[in-house]
Amino acid sequence: MSEEKNIIQPAEQASKFVNPLYAKREVTGPDGIKFIVDPLRDYFSDQRPQIYEPNSIPVIEKFLNWARAESLWVLGFGTGCGSIEIAPLLTPRFDAFRYGVMPRPTPRQSNVFIISGYLSIKTLKRVVRSYEQMPNPKYVLALGSCTINGGMYYDSYNTINRLDHYIPVDAYVAGCMPRPEALLAGFNKLKELIKDGKAENANEYAKNFDWYKANQKKIIKDWNMPDYNW
Amino acid sequence: MKNLINKLSKVYELSDVVYQRPNFTYATTTKENTISLITQLRDLEGFSHFVLLSCVDWIEDNLFQLTYILNNPTQKYDIAIRCMIDRNEAAMTSAHYLWEQIATYQRELKEMYGIEFPGSPRLNENFILEGWDNIPPMRRDFDTKKYSEETFFPRERPSSNDPATYMKSRLHPDEWDGKIAE
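Protein chains in written order, with the numbering used here: chain A, 1 to 230; chain B, 231 to 412.
Source of the hints: derived by calculation from the structure; they are not laboratory data. Ideal placement from N, C-alpha and C gives every residue a C-beta, glycine not left out. Check the hints yourself; a few may be wrong.
[To be verified] Simulated pairs of lysine-lysine, DSSO-like, Cα-Cα distance not exceeding 30 Å:
| no. | chain 1 | residue 1 | chain 2 | residue 2 |
| --- | --- | --- | --- | --- |
| 1 | A | Lys122 | A | Lys217 |
| 2 | A | Lys195 | A | Lys207 |
| 3 | B | Lys306 | A | Lys218 |
| 4 | B | Lys375 | A | Lys213 |
| 5 | A | Lys62 | A | Lys189 |
| 6 | B | Lys398 | B | Lys375 |
| 7 | B | Lys375 | A | Lys221 |
| 8 | B | Lys340 | B | Lys232 |
| 9 | A | Lys221 | B | Lys376 |
| 10 | A | Lys122 | B | Lys232 |
| 11 | A | Lys213 | B | Lys376 |
| 12 | A | Lys122 | B | Lys261 |
[To be verified] Some chain B residues well away from chain A (every beta-carbon gap over 12 Å; in silico):
| no. | residue |
| --- | --- |
| 13 | Arg251 |
| 14 | Thr323 |
| 15 | Pro388 |
All chains, please: the whole structure from these sequences, using the hints.
Written out as structure tokens, the structure is:
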């Protein structure tokens, strides 16, 4: 019976002993402003995404697009089996830094999201959240047949079939799995699209926000994140 | 291993004993005996390592088969204890006090098959599926393809031809009867 001590008690029993850390309380910030913190509330952004208006002077917008295309900062988020292809891509063998592709650790610092393979509903919830956290302009590169039509998981109860119903996709790299060379070709295609001013799908997301949200809510029923996500 | 099985079968009702490999044996026992048998194996016979707990859905017989695999690290052999439980009101005695990790396996079986393990810690928390509101997906009466088609916006798939007749039409058109099978 000695093992029982280490086991966490079930939730019904735990609710009898409310942790004081979870209680609602008033906190004074470092700048002296007081605000109320409720640790059990889900702090989602309730602001709708904004539409990015291109610069009114075409030359400047063209220059900005050129600059954006030459510095693609990739969010380090591997969703499926394709994440194994990203490691050699970013390391010296394929060296994507030649093309200005650089990994970044957080969504707030990156502007390219590589969806590397199949997406379960649980992962899609994190993907949507990370995508909404990324600053504009942002681009999505979808790898593998799983993001196109579900691939070999087309009949699974837990993986989505079409990614473009949940977040907008700028470029697809087909294959199962695409090699790092194919990914580099995909990056170059994405660069062409950005330079032509055609990779404006983040605006599509803002325009059709309700449609995307309805599709997401159709499959993601529980939007709460477990404690380990924080 | 045979000595051990003979010794155990004097006390417990063992059936379907399969000597799969020299170091691996299957044995089936009743639902009531399973946990006490596992406890004896752990405490007296040296099976100190718990390998896994899994489930098979025998929908035709209206049964779930639970398999507890234990390992004896000093003697280097495994034993798998199987038991059959009723599928309609699936419930099993919890074994989380023997090894802590069994609680996690039981959470998974609760979510994937809907088997109750009364008293198991955190049993009703989400394990893999978050917000699932259908019958447990690993039960065989759950139609995963139908669910996927209704839920995930399936893309139309290209029609495929029978490779044999198609290649015959390309390589040997004089022998080909003019049809390509689907």
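Evaluation of the provided hints:
1. Lys122(A) x Lys217(A): Since the Cα atoms of Lys122(A) and Lys217(A) sit roughly 12 Å apart, the hinted pair holds (cutoff 30 Å).
2. Lys195(A) x Lys207(A): holds (22 Å)
3. Lys306(B) x Lys218(A): violated (50 Å)
4. Lys375(B) x Lys213(A): Since the Cα atoms of Lys375(B) and Lys213(A) sit roughly 24 Å apart, the hinted pair holds (cutoff 30 Å).
5. Lys62(A) x Lys189(A): With a Cα-Cα distance of about 17 Å, the restraint between Lys62(A) and Lys189(A) holds, given a limit of 30 Å.
6. Lys398(B) x Lys375(B): Roughly 33 Å between the alpha carbons, so the hint for Lys398(B) and Lys375(B) is violated.
7. Lys375(B) x Lys221(A): Holds: Lys375(B) and Lys221(A) sit about 20 Å apart, inside 30 Å.
8. Lys340(B) x Lys232(B): violated (34 Å)
9. Lys221(A) x Lys376(B): holds (19 Å)
10. Lys122(A) x Lys232(B): violated (46 Å)
11. Lys213(A) x Lys376(B): holds (23 Å)
12. Lys122(A) x Lys261(B): Roughly 34 Å separates the two Cα atoms, so the pair is violated.
13. Arg251: holds (30 Å)
14. Thr323: About 15 Å separates Thr323(B) from the closest Cβ of chain A, which puts it past 12 Å; holds.
15. Pro388: For Pro388(B), whose nearest Cβ neighbour in chain A is about 10 Å away, the distance does not exceed 12 Å, so it is violated.
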